[in-house]
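Novice: Given next are the chains, with one letter for each unit.
Protein chains: 2
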Amino acid sequence: MKMIHTADWHLGKRLNGHSFLEDQRHVLKQFVDAMEEEQPDVIVIAGDIYDTAHPNKSVVTLFEETIQQLNLKMHIPIVMINGNHDSKERLSYGASWFNNSQLFIRTTLASFFEPILFEDVALYTLPFFTVSEAREYLEEQVESYEEAVKKFVQRVQSQLDVTKKNVLVGHFTLNGAPKSDSERDLTIGTIEAVSPKYLEGFDSVLLGHIHHPFALDYDHIFYSGSLLQYSFSEVNQAKGYRVIEWHADGMQQTFKRFVPQYELEVVEGTYEDVVNGRFERKSDNSYFHFKLREMHHVTEPMQKLKQLYPNTLALTPEVFVASVSTEQTPHIKQLQPMTIINQFYEMHTDTSLSDIQQAYLETLMTEQREGN
Amino acid sequence: MKMIHTADWHLGKRLNGHSFLEDQRHVLKQFVDAMEEEQPDVIVIAGDIYDTAHPNKSVVTLFEETIQQLNLKMHIPIVMINGNHDSKERLSYGASWFNNSQLFIRTTLASFFEPILFEDVALYTLPFFTVSEAREYLEEQVESYEEAVKKFVQRVQSQLDVTKKNVLVGHFTLNGAPKSDSERDLTIGTIEAVSPKYLEGFDSVLLGHIHHPFALDYDHIFYSGSLLQYSFSEVNQAKGYRVIEWHADGMQQTFKRFVPQYELEVVEGTYEDVVNGRFERKSDNSYFHFKLREMHHVTEPMQKLKQLYPNTLALTPEVFVASVSTEQTPHIKQLQPMTIINQFYEMHTDTSLSDIQQAYLETLMTEQREGN
Numbered sequence: 001m002k003m004i005h006t007a008d009w010h011l012g013k014r015l016n017g018h019s020f021l022e023d024q025r026h027v028l029k030q031f032v033d034a035m036e037e038e039q040p041d042v043i044v045i046a047g048d049i050y051d052t053a054h055p056n057k058s059v060v061t062l063f064e065e066t067i068q069q070l071n072l073k074m075h076i077p078i079v080m081i082n083g084n085h086d087s088k089e090r091l092s093y094g095a096s097w098f099n100n101s102q103l104f105i106r107t108t109l110a111s112f113f114e115p116i117l118f119e120d121v122a123l124y125t126l127p128f129f130t131v132s133e134a135r136e137y138l139e140e141q142v143e144s145y146e147e148a149v150k151k152f153v154q155r156v157q158s159q160l161d162v163t164k165k166n167v168l169v170g171h172f173t174l175n176g177a178p179k180s181d182s183e184r185d186l187t188i189g190t191i192e193a194v195s196p197k198y199l200e201g202f203d204s205v206l207l208g209h210i211h212h213p214f215a216l217d218y219d220h221i222f223y224s225g226s227l228l229q230y231s232f233s234e235v236n237q238a239k240g241y242r243v244i245e246w247h248a249d250g251m252q253q254t255f256k257r258f259v260p261q262y263e264l265e266v267v268e269g270t271y272e273d274v275v276n277g278r279f280e281r282k283s284d285n286s287y288f289h290f291k292l293r294e295m296h297h298v299t300e301p302m303q304k305l306k307q308l309y310p311n312t313l314a315l316t317p318e319v320f321v322a323s324v325s326t327e328q329t330p331h332i333k334q335l336q337p338m339t340i341i342n343q344f345y346e347m348h349t350d351t352s353l354s355d356i357q358q359a360y361l362e363t364l365m366t367e368q369r370e371g372n
Numbered sequence: 001m002k003m004i005h006t007a008d009w010h011l012g013k014r015l016n017g018h019s020f021l022e023d024q025r026h027v028l029k030q031f032v033d034a035m036e037e038e039q040p041d042v043i044v045i046a047g048d049i050y051d052t053a054h055p056n057k058s059v060v061t062l063f064e065e066t067i068q069q070l071n072l073k074m075h076i077p078i079v080m081i082n083g084n085h086d087s088k089e090r091l092s093y094g095a096s097w098f099n100n101s102q103l104f105i106r107t108t109l110a111s112f113f114e115p116i117l118f119e120d121v122a123l124y125t126l127p128f129f130t131v132s133e134a135r136e137y138l139e140e141q142v143e144s145y146e147e148a149v150k151k152f153v154q155r156v157q158s159q160l161d162v163t164k165k166n167v168l169v170g171h172f173t174l175n176g177a178p179k180s181d182s183e184r185d186l187t188i189g190t191i192e193a194v195s196p197k198y199l200e201g202f203d204s205v206l207l208g209h210i211h212h213p214f215a216l217d218y219d220h221i222f223y224s225g226s227l228l229q230y231s232f233s234e235v236n237q238a239k240g241y242r243v244i245e246w247h248a249d250g251m252q253q254t255f256k257r258f259v260p261q262y263e264l265e266v267v268e269g270t271y272e273d274v275v276n277g278r279f280e281r282k283s284d285n286s287y288f289h290f291k292l293r294e295m296h297h298v299t300e301p302m303q304k305l306k307q308l309y310p311n312t313l314a315l316t317p318e319v320f321v322a323s324v325s326t327e328q329t330p331h332i333k334q335l336q337p338m339t340i341i342n343q344f345y346e347m348h349t350d351t352s353l354s355d356i357q358q359a360y361l362e363t364l365m366t367e368q369r370e371g372n
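Here the protein sequences line up with chains E and W, keeping their order.
In terms of UniProt numbering, the first sequence has 316 at position 316, counting the first letter as 1, and numbering is strictly consecutive.
In terms of UniProt numbering, the second sequence has 168 at position 168, counting the first letter as 1, and numbering is strictly consecutive.
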């Protein structure tokens, strides 16, 4: 039994105005070609297929063509769940018809209790949900994402067939996984990370959400990582897919890398060196984040840099970074979005947000995240 | 062989701010129930399934649930094409999978040359297209919608199997069909109506676009009409679906009516009579267009009318109508959109639109119509 584990395609993702669509097409072609060679028994896509709840035409077409190739032409079964970036409704449109060709798009909490069976493996799909959705589905009090996952796993325990390999497919943060800039918070105002101890009973756990494929150090719990480097905090991070094979004597896993069209690169140096090409780089077309010294005399540095390196996406004058980065930036990154808004409001108005204002903002953020 | 002919569902349609979604749900339930009784061999939906290229979640869900019921639960084959209101990409998403259960969503011009076969009937699907798409596909000069249809039919003639009943499914205006206010122009700046003489060779032609089910007087060419009355120019117009049966001795057609939740009604009278309920109506919840006399003394008539008749959608003071309607309004209705814009611009600026301005507006209108 050979399974492929991938996730976080984020089709349609943009970074500083740049669309990654052509890069995504390039790498998905590699993926399809690789699948032709691998001939897996099933491909698992663990959420965040799209980057937004409203992907545009060309993004949807890329997804449809890719899945069509894999599922209809190559006859590979596919199991996918929605992530926090996907619209459940949009992703699952047509799902009842897709089942006929073993394309399983799972977006409901009820689907967790209807495993998909492959020979000696049972796949339990836990699509991304909100805490309030879990509360409504389970019909009991649930305070956090962790508590919800725990309760779901508890309820399914008695159902697990121990003569099979039971695999959980989910989309959430596991305790200990370091985050980069491109994963969006799953929940607001609640403890979101889940302890691995609540996942007992499963022979393997295939996750989406964290973009680093080696974020965890377990022999049976994995993130596949994202399709591409989607933020400068992911520079030099390997991107690819994972092959998981079940043999008589146990499980074996291998990570296989993609070769992206262009890479993200962070370049530090002086403005003068960079405009004269005196710096190391993989390609002039790399997605550059320049962090440059000695540029206070330059009037339109970004314009000049884009002329020379068309995929330049970010520019930070080093003097600025030195003055604020060490204290302010890391601090802000650890805060909940509501706390940041609150602090900003207090700084500018000398009063705090009222309960009504807070509740309204939370509703807005929930709606935005859930794609309404 | 029993075929059902329907079209112009316009799911998501709004009139003066009112959403028809619940009315559409109501009537589609009747349709599904009717299909349970009819047990047809195929349902043909001749375009304009959605009202916009970007239908929202609940609209898409209504469509999916309806089709799921008919196709997956009741196992009725369905053939549909896009109309000028539909986005080809959005409508045909998943089409390759749907074919497995005999749900045929046809959106390409190439599909015209691959008829769908049912026993003794061959269905030729000609989805809505623009003249420039036809030109590109046919690789020859095409000036009008009529010329395009003519060329498509000519090319398919030799392929027609005369031992079968050949049926054309299309979405365009046929010469002689009277239009109402709710069909949007198919093309801008070109002659859009098609002469029936170019449709020879087909035993039957099932069309979408015109909302009146008796717009044509032929024994083998039909509009099904729209799902509901979508403009006040369609008041009292029958809405339903058409049953077409092929017997050994020929074809038989029957039109079956829907019973809408609420109807559109135009009410003429004095303001005083209406607010005192002294007028004939089918229900207080009808969608009213009031054309009222003696209301110059009333300050907020619309507010008062909506209080009494919550579905009031339009109000015209009769004095206004009398002064402009007979000369101006019918004249404007016969003009092309570009001509109307031009006249408006000239009236306000005393200069004409430049060529560049005109070209830009035409691009905008084409894009808007094609749902980009």
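I should point out that these hints are in silico values taken from the structure, not numbers from a laboratory.
Just to be clear, a hint being listed does not mean it is correct.
The list treats identical chains as interchangeable, and a pair is accepted whether it falls inside one copy or across any two copies.
[Claimed, not checked] Lysine to aspartate or glutamate pairs mimicking EDC-like chemistry, simulated, CA-CA at most 20 Å apart: (1) K291 - E362; (2) K282 - E136; (3) K150 - E200; (4) K29 - E136; (5) K2 - E367; (6) K282 - E263; (7) K29 - E200; (8) K282 - D33; (9) K164 - E300; (10) K197 - D217; (11) K304 - D217; (12) K179 - D120; (13) K256 - D161; (14) K150 - D203; (15) K57 - E38; (16) K256 - E192; (17) K304 - E133; (18) K57 - E133; (19) K304 - E362; (20) K164 - E234; (21) K57 - E367.
Novice: Sort out which numbered hints this structure fails and list those numbers smallest first.
Specialist: The structure breaks hints 1, 2, 4, 5, 7, 8, 9, 11, 12, 13, 15, 16, 17, 19, 20; every other hint is satisfied.
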